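K.L.:
Residues per chain are reported as follows:
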Amino acid sequence: MAEVVYHTDFICVEEGSPSSLVRFLGCWTIENAQAIDNAMAATINAVGRGAILDCTGIAGLDTTGAVLIRRFAANIDEAGAAVLTGVSSEYKELLALISSKPPPVATEPEQHPWHIKPVLELGEAFLRATASLARLLSFLGLVLTRLFGTLLSPGRIRLTPMVHQMEAVGLKAMGIVGLISFLIGAVMVNQGSIQLSKFGADVFVIDLLGITQLREMGVLLTAIIVAGRSGSAFTAQIGSMKLHEEIDAMKTLGMNPIDVLVLPRLLALMICLPLLTFYADIMGMAGGMAMAWGQLDITPANFLIYFREVISFDHYAVGIIKAPFFAAVIVSCGCYQGLRVEHSADVLGMRTTMSVVQSIFLVIVLDALFAMFFTAVDL
Amino acid sequence: MDGTQINDIVIRVRGLVTSFGDNVVHDGLNLDVRRGEILGVVGGSGSGKSVLLRAIIGLLKPKAGTIEINGRDQTTLTGEESQQARREWGVLFQDGALFSSLTVAQNIKVPLREHFHMSNDLMDDLARSKVSMAGLPLDAACKFPSDLSGGMRKRAALARSLALDPKILFLDEPTAGLDPIGAAGFDGLIRELTKSLGITVFLVTHDLDTLYRVCDRVAVLGDKKLLVTAPLDEVVTFDHPWVKEYFGGPRARAAGIN
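For the protein sequence lines, the chains are D and H, in the order given. The end of the first sequence is residue 378 by numbering that gives the first Met the number 0, with every number in the run present. The end of the second sequence is residue 257 by numbering that gives the first Met the number 0, with every number in the run present.
Check before you lean on any hint, since a few could be wrong.
DSSO-like cross-link-like pairs, simulated, lysine-lysine; straight-line CA separation at most 27 Å [what the hints assert, rightly or not]:
(1) D/116 x H/142
(2) D/91 x H/194
(3) H/224 x H/243
(4) D/91 x H/166
None of these hints come from the bench; they were simulated from the model. Computed from a predicted structure; not experimentally measured.
Modelling step: build the complete structure from the supplied sequences, incorporating the hints.
P.N.:
The structure is reproduced here in structure tokens:
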């Protein structure tokens, strides 16, 4: 009787000459895979110079078990030679299927070491952002060329989709824009009056409200709400059309995607955003008026008289003039990102996020530039 | 049919009723799938082939009827048991349904990681074996699904559905959208793999070549029921207008049926 040097539930190693005998036992299935793998790792040293692998004791075998047997044989082969015996006919096909060992190739994409990764990502993000901005600018140029081209042939403007877009981005945004403006106006009066009353100057909240709301807050908040609401919708709509090859179909039918998809949205939002801003201004004033009445006992009539005295038309004009520019930024970001969608729905989600982030960022940057400009021209 | 075969029924569907709103898809459907066979399910568009598959794998709750897999009524299983039962099946969805944020090998490792504790090295080895079993080149292992062609995606999805060594394999239109060479290759792969692994296959298809080359028996869906379940040469002679048109058409002749 040969000496048993190693014994587990799955593997039994008997010392022999010239090579040891390894008997496989039990169920070599996926449930026991890790236990078998551990046993194999422990056995491999004991059978260093080659072995006969006896499969007669195997009670059950699946592909995982077959892979394990192949692993074991390959490991022994590095040192000596492995001979497989006693394979029952039902397992022959299975083992034949698995017998050739696939060379070790990577199963995951290459990863950079942790200390390089953040630097690399930062650099890549910067390059991507500048490239994206440059492409956005050229897209804006393309859209504007198409837009001015319509001056020569006005028939290219598609009225029906434009009116549809005006409803979607303008009319249907009135609820949320109005509500937010009303609340912001009220909060501004509420907080402003607390601070100003320390100087006994609480009536100046009307100046505060009028100037901030009309010049900045009204248009900026409206633009940000619209960017989140409609900019993302533009990306999603155009992006899903892109995924379904509808844009390609459009091109083959002799339609220009810029004319069909971008211009109606651009014109609709350039008309609607100033209107929404005007509406937001009114709602902001109404909110402030209500708060002033409740908190400071300034009646709406007095509020209006004072308001007309201190707030000039310039403040309103400075605010509203920015709206069409913001509209152009939101539409070009939304449509550009939509047209850049490709491959999978994954990209669509990513592009939608990018479109909203980019358009809000650019709207604020543009607003800052406008502020500098208006200060310079003393408005 | 002798007694042993009756006992050896893996999937037994009795009186299945499914509907979407007022639209009844199946009305009292009965079906048996025997152990180790490849059953092809055919039927016109909208006859409820995919619905039947979804009902059997439990993605869709039937209005009435019982579905037994390995003798267990699927509606009486507890959450734990149904989780356990699902490990015995592999499902290949029509578009592969690979997780798009993972590589092919990582996709195969998902079920292994979920159900077993294995070393990464062993999982890598298993994943590579499944990749080569599915007839994919090995460099596909670290590619993302979006970088693969349609045929390769199907093979990768097949590799994932085989990851847990299932006893039953559900295939939803495995050759749809493949070119004839790719489809023939995939047919051969299914036949060879499932026969050598001893898997029972439930296969929904439109493809006459697949029926002819792969399936042991063919079940024809129509009129909200199963019209006939038999080997292909018997089904071909079955007296029903749809069956006659389906198997008597020019495409059937091209596939070598009749």
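K.L.:
For residue 91 of chain D and residue 166 of chain H, compute the direct alpha-carbon distance and say whether it is at most 27 Å.
P.N.:
OK: residue 91 of chain D and residue 166 of chain H at ~18 Å, within 27 Å.
K.L.:
Quick one, are residue 91 of chain D and residue 194 of chain H close enough, alpha carbons at most 27 Å?
P.N.:
The hint holds at about 12 Å.
K.L.:
Between residue 116 of chain D and residue 142 of chain H, is the straight-line Cα distance small enough, at 27 Å or below?
P.N.:
holds (21 Å)
K.L.:
Would you mind confirming whether the straight-line C-alpha gap from residue 224 of chain H to residue 243 of chain H stays at or under 27 Å?
P.N.:
holds (17 Å)
In this structure, every one of the numbered hints holds.
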